[in-house]
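Join the two chains into one complex using the hints; note that each chain is given alone, in its own frame.
Read off the chains here:
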Amino acid sequence: MIGHNSRVRLNAAQGNGYLEPADDFGIGLIGTASGNLIDENTVSGNTNGIYIAAGARDNEVRANVAVGNPGIQSANTQPAAQAVDILNLAPVDRTTFERNVCVTSVNAPCPAVVKPPEQ
Amino acid sequence: MTSRVTAVAAFVAAVLVAPPALAAHRVSGVITSTYVMVEDTDLIGDVTCNVANATPCFSFGAPGIELRLNGFTITGRADAVTGCGGASTAGEAGVTTNNMARVVVRGPGLVQRFRGDGVSVAGSRDARIENLTLSTNCMSGIRVLASSFGTLIEGNVATRNGSTAPGLACGGI
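For the record, the sequence lines run as chains U and A. Quick note, the first sequence lines up with residues 1 to 119 if you use the numbering used here. Quick note, the second sequence lines up with residues 120 to 292 if you use the numbering used here.
Everything labelled a hint here was simulated from the structure, so no lab data went into it. Don't take each hint at face value.
Label-pair distances were calculated between CB atoms; the ranges are [to be verified]:
1) V103(U) to A171(A): 42 to 52 Å
2) E40(U) to E158(A): 29 to 39 Å
3) P117(U) to I163(A): 55 to 65 Å
4) L89(U) to S266(A): 19 to 29 Å
5) N107(U) to G148(A): 44 to 54 Å
6) P91(U) to E158(A): 39 to 49 Å
7) E98(U) to G148(A): 39 to 49 Å
8) L10(U) to G190(A): 12 to 22 Å
Listed next, the stretches of chain A that the computed footprint assigns to chain U, with coverage defined by at least 3 CB atoms under 8 Å from CB atoms of chain U [to be verified]:
9) 253 to 262
10) 268 to 276
Glycine residues also receive a C-beta, built at the ideal position from the N, C-alpha and C atoms.
Isolated chain A (complex conformation) (with noise of 0.2 Å):
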């Protein structure tokens, strides 16, 4: 009996502290500073990003995780029409994969109005772009660094994004 007791208690007890399974963050609204996921994380609203010049608003900082935009629009600080007029901000993307690996921006989705590029895959291996839409971006709407190997660029639709400086050639992808 007492024995029984003993494993009961300890079953409880073993259920009462072990760590709750991880959630993904959740996340909407105005962000100011740059965002660094480090689990999968979703999007749950659209997104303004007012972060600081020359910086991303979603940063990886974990690798083998998920940017999830689940139907949202993440937002940044270009003019809705005229992008950047040709000019652009190096930096100021709207997510940087930041030399994780095997992470993953998945749509459907929004990412539009970054004075640099939509996406950077920068420094990573295996990292996957899927089913996003870039637009107005005043670099590229997806750009994939000399730095990395293995992208999956697929599904995605990319228009209105571009510059006119000298030596940068920019677009969709």
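Just chain U, with the same shape it has in the complex (with noise of 0.2 Å):
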């Protein structure tokens, strides 16, 4: 989306893009958009999980679950393919992440894994 002062909440994103370039996504920030909210989406099995432009500003990336993206087949056959759960191309302090379930990430931030305490 390349709109400005939206929502997009509770929303599935599986199965988008094509890795041939690698700029398709499950939810995307692309262009100018600003003011937007992209919060408690499920995003698997895209080119990228949430993808976000350089010229993107003062989005908020809030509480999703983007988690394998791409698939591991999509990973394999086409290993020169750069894609991640979460690509942020947009300066750093230009998008508040809060909350969100990743493992792969550009430029935003992923949980660490804890392990719980021995017993």
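Next up, the structure:
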């Protein structure tokens, strides 16, 4: 989406996108998208999970589950394609990330996996 | 007595000439040119779109109205398995909001196999896209253009949408 001041919530995006080029996504903030809230979505098995373009500004990405992007077969058959769960191409301070679950990302936090205390 | 008869006659005449309450349009079957909605519209069966190249199937023609899929399917001209094989046809969307404010596309329902976007939110304020399933569309399942503000996209499922065109980043939403 390129729009502004919008909300994308409680959606499921799965199995979207091609790997060549690897710029497709489950949910994308592309162009100059601004002022949007992306929250509580489930995003898996896409080329990239959540994609934030270089020109996107002042968006918030919160409490999404973005895992398994791309799927293992895609990653193995196209190892040169660089795709992740959350790909942030915008300046780091221009997007707010909070409480997302992801495994792979660029310029976006994924939660540390903490072992439970030993008994 | 005369005045009472006159009053009753006036009431009956008023009832007879009063416009009927607006009923939603009902749509199903094959569409061969863009269906422009000017009031609330309900699908009452599946819709197959054989509209001209690069034109939308449904387009809003008035603000503040709804398209309700009621569990039915809107199908475009792409291949059921391969979509467009990575290609796409801009403008050939399942539904476009067409610069209309406060319009709603409401599921449940499936929008599939369009050679452009499944749903295109274009030039609209406060549009809502709710509870749809969007599959095998050759651009994005739902695309919100830069000319739109305040869109709510909630409760949708987007799968198997996308394009290989360089510079045309596409996907689910």
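Which numbered hints fail | Every hint satisfied by this model.
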